[in-house]
Amino acid sequence: MMPCECVVVREMEAGEEGESKGKAARVLASSSSSSSSSSSNGVGSDSSTGCRRCKSEVMFPIYVRGSSRRNLISRTILDFAGDPIWEAVKSEAKSEAEKEPILSSFLYASVLCHDCFERALSFVLANRLQNPTLLATQLMDIFDNVMMNDKEIQRSIRLDAQAFKDRDPACAQYSWALLYLKGYHSVQSYRIAHALWKQGRKVLALALQSRISEVFAVDIHPAARIGEGILLDHGTGLVIGETAVVGNWVSLMQGVTLGGTGKEHGDRHPKIGQGALIGAGATVLGNISVGDGAMVAAGSLVLKDLPPHSMAVGNPAKVVGYIEDEDPSLTMKHDVGMDYFEHVAVSFADRDNGNIKAEK
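Taking the numbering used here, the leading residue of the sequence shown gets 14, the next gets one more, and so forth.
Note that these hints are calculated values from the structure, not bench results.
Treat the hints with caution; some may be incorrect.
[What the hints assert, rightly or not] Computed beta-carbon distance windows for the label pairs:
#: 1; residue 1: 154; residue 2: 121; range: 18 to 28 Å
#: 2; residue 1: 113; residue 2: 316; range: 40 to 50 Å
#: 3; residue 1: 116; residue 2: 279; range: 46 to 56 Å
#: 4; residue 1: 216; residue 2: 275; range: 20 to 30 Å
Please read all numbers here as calculations on a predicted model, not as lab measurements.
Note that the Cβ used here is the ideal one computed from N, Cα and C, for glycine as well.
Kindly produce the complete structure, drawing on both the sequences and the hints.
And the structure:
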């Protein structure tokens, strides 16, 4: 049996590469004690960068992004023996088995009998996606082979788990993402299908896409390119087309469509920038760009490029303001522009009452 190697990510500040080894050692050395430095409201501080950190960042600082500021996307990959998220998943599973003995067999088979996060995830996904002609044992072999030999996937499945734990209030434990959340299951199944697509095994990748759509109600073409640290909140009704690109740290709500505008071939789907938040039921069509840190309000129809950190609302969507500081995908604040909308509503009321003239 192939040994399980854990891939861990931490973000590097600009110009920090020359000190990466020393800082990596300090991060690993401090990971066990950093939880005690959090404040009473669950927010700590990184003394090296001055950035605020959430409670999960204090617990597992080596897995998180470290800063929501734009253009800080360079990273260093550290291979080492520990795996905090996997350890957390096992601890949570043991605790839940004690609380709910009826689930002990399920938790043992899904988590506790495996030696790493990859193999547990392979088991869970294979049993969710099996059917009479795609047997769970066959799918487990395929999934295991892909994940155990692809360090990008090994990194992404952990960063996605961190994203669910940090951004979804309904995900109280890492094990909940692994075991129960179909948004997490669908994006990890896509990652395997995408790896098979790149290997030239396109028929198998399309067969997996079909099963993912049937089981999870999420339709992601295996050729689409999706970054890491992704949250598919609920996931139901999500559609992502063949040439779509989704950047790192993006959050996508249920019913989102990243589609084309016709039956033309070639590059025809949207490009979603890093840290963007796409609201429930939003539709983005065509080979257009949604800038880094932009927010698309629920139910909007986007047909034109959106600038970075802009807020777009309506059908068709229009830019109504800009978001400062944090990326909306991390804050998940869908009502960030309410003050603006209230101001606009007052202005229209004044116009309708004859107090001001309508703008041309």
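Go through the numbered hints given earlier and state which of them the structure violates, listing their numbers in rising order.
-> none
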